[in-house]
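K.L.:
Take the sequences, apply the hints, and build the full model.
For the protein sequence lines, the chains are P and V, in the order given.
186 is the number that numbering that gives the first Met the number 0 gives to position 187 of the first sequence; each next residue is one higher, with no gaps.
142 is the number that numbering that gives the first Met the number 0 gives to position 143 of the second sequence; each next residue is one higher, with no gaps.
Worth double-checking, as some hints may not be accurate.
Okay, the calculated bits of chain P under chain V, using three or more residues with CB under 8 Å as the criterion [as the list claims (entries may be wrong)]:
no.	segment
1	122–128
2	165–173
3	183–195
Keep in mind the hints are simulated off the structure, nothing from the lab.
By construction, the Cβ of each residue, glycine as well, lies at the ideal position given by its N, Cα and C atoms.
Protein chains: 2
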Amino acid sequence: MPSSPVANRRYRGSSAEERRAQRREQFLEAAIQVYGEQGYRNATVKAVCEAAGLTERYFYESFSNSEELLVASFQAVMRFLFGELEKAIAEASGGPVERARAMLTAYYEALQGHPQSARVFLVEISGVSPAVDQALEASLHEFGDLIARTLSPRGDGSAASDPLLRAGVVGGVIHVALKWISSGYSQPLHEVVGAAMRLCLVLRGR
Amino acid sequence: MPSSPVANRRYRGSSAEERRAQRREQFLEAAIQVYGEQGYRNATVKAVCEAAGLTERYFYESFSNSEELLVASFQAVMRFLFGELEKAIAEASGGPVERARAMLTAYYEALQGHPQSARVFLVEISGVSPAVDQALEASLHEFGDLIARTLSPRGDGSAASDPLLRAGVVGGVIHVALKWISSGYSQPLHEVVGAAMRLCLVLRGR
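P.N.:
Put into C-alpha cells, the structure is as follows:
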C-alpha cells in the first residue's frame, strides 16, 4: 500500500536488461498510483504511461495487457505489505498473541494510510479475471500461513493447520477491513484490531 | 441457490399488471439458470431471453440492463436462501448452538447442491458495479444479523453487537465456503460446518 513500494532499487549506467527492468518498475509504481487515484477499471494504459513518463511501446515491452500489469502491481504491493507485517512481528515484544496483535495493527494501519490503494487491491480487483483471482487466492493463502505461524510458533497448532479454518480466519480479517473501509474508517484502530484478534485466536485451538 | 426459487407464484387469467409480473419472474428464473451455466459475464441478454422464452422487448419492460437483472436475480436467490436458513433454524431442536449449526449446515448444503449458482452469486459478482456491490453488502449484513440473532437469543450479546466482529464472522463463513468450492468440495460437510461454527462462536463473547 505504499506510494512507492517498488522504487527502492536504482539502476546505474549499464546494460539494456537493467534499463528494461527499471522501466518495468516505473510502470508498477505508476500503476499503483493511477489505480489508487482512478480505480483499476477507469485507468487506461495511456494514463499509466503518462504517470510513468514512458511511451506505450515500452509498456508492451513488459506487459501484454492491463490485466498483467494489475497482477504484477498487486504482487508488488503484497510483497511490500507482507514485508511490513513480518517486520512488525519481528519487532514486537511478548509472546505469539502480542506478535499477532502487532501484525494486525501494522496491517490495518497500512490500509488506513493508503485508503485508495486499499480499495483497489482489496475490493475492486476481485472478479476481474481468472489470473487476477488466482493472484488474490495465493495472497490469501500466504496471509493465512503468516497468521497461523505467528500464533502457533510451537504450540500444538492442530486448529491452525485446518485449511478451511485458516481461510475462514483470513476472510474474517479482510471483512473486518472491508466493513471498516465502508464505514469511512470510523472505528478507532484498536477496536478494529480487537475484532480481528478475536477471530485469529480461533486458530489457537479449542 | 435453487434451480427455481422464484417460480412459486402462478398467475392465472387476469390483468396486464399480473402478466407483466409473471414475465419478470420468468426472466429472474432464466437469469439464475443462464448465469449458473455460463457465468454472468459471458451471459447475453439474448441468451436470457431465449431461456425465458420471451423477446427482448419484454426484457426492457422489466429491466434497464443486465446489471439490473443481476441485482434482481441475486436478491431472489438470497430471499430463497435466507428462507431456507430460517426454516432450518426453526426446525432444529436444542439451544442456540444447535440452531446455529443447523443453519450453517443448510447454508453449505445449499451451496453444494447448486455449485454453479454458488460460483456466480458468491464469487463472480463482486466488483461488477457499485449497485451490485451494494446488494452484496446488504446481504452480508442480513447474514450477520441472522447469525447473531441465532446465537444470542437472549444472552448478553455484547460481542454479537459489534458490527466489525459480525462482518468478520460473516466474511469467515463465506471464505470457508470459497475455500471449499475452490477445493472442489473435497472436505466432508461436517468439517466445513465445524470450521464455520468455530468462527461463529466468537460472537458468544469472551
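K.L.:
Does each hint fit the structure? Answer for all of them.
P.N.:
Here's how the hints hold up against the structure:
no., hint, in the structure
1, 122–128, "holds (count 6)"
2, 165–173, "holds (count 8)"
3, 183–195, "holds (count 5)"
In summary, this structure violates none of the numbered hints.
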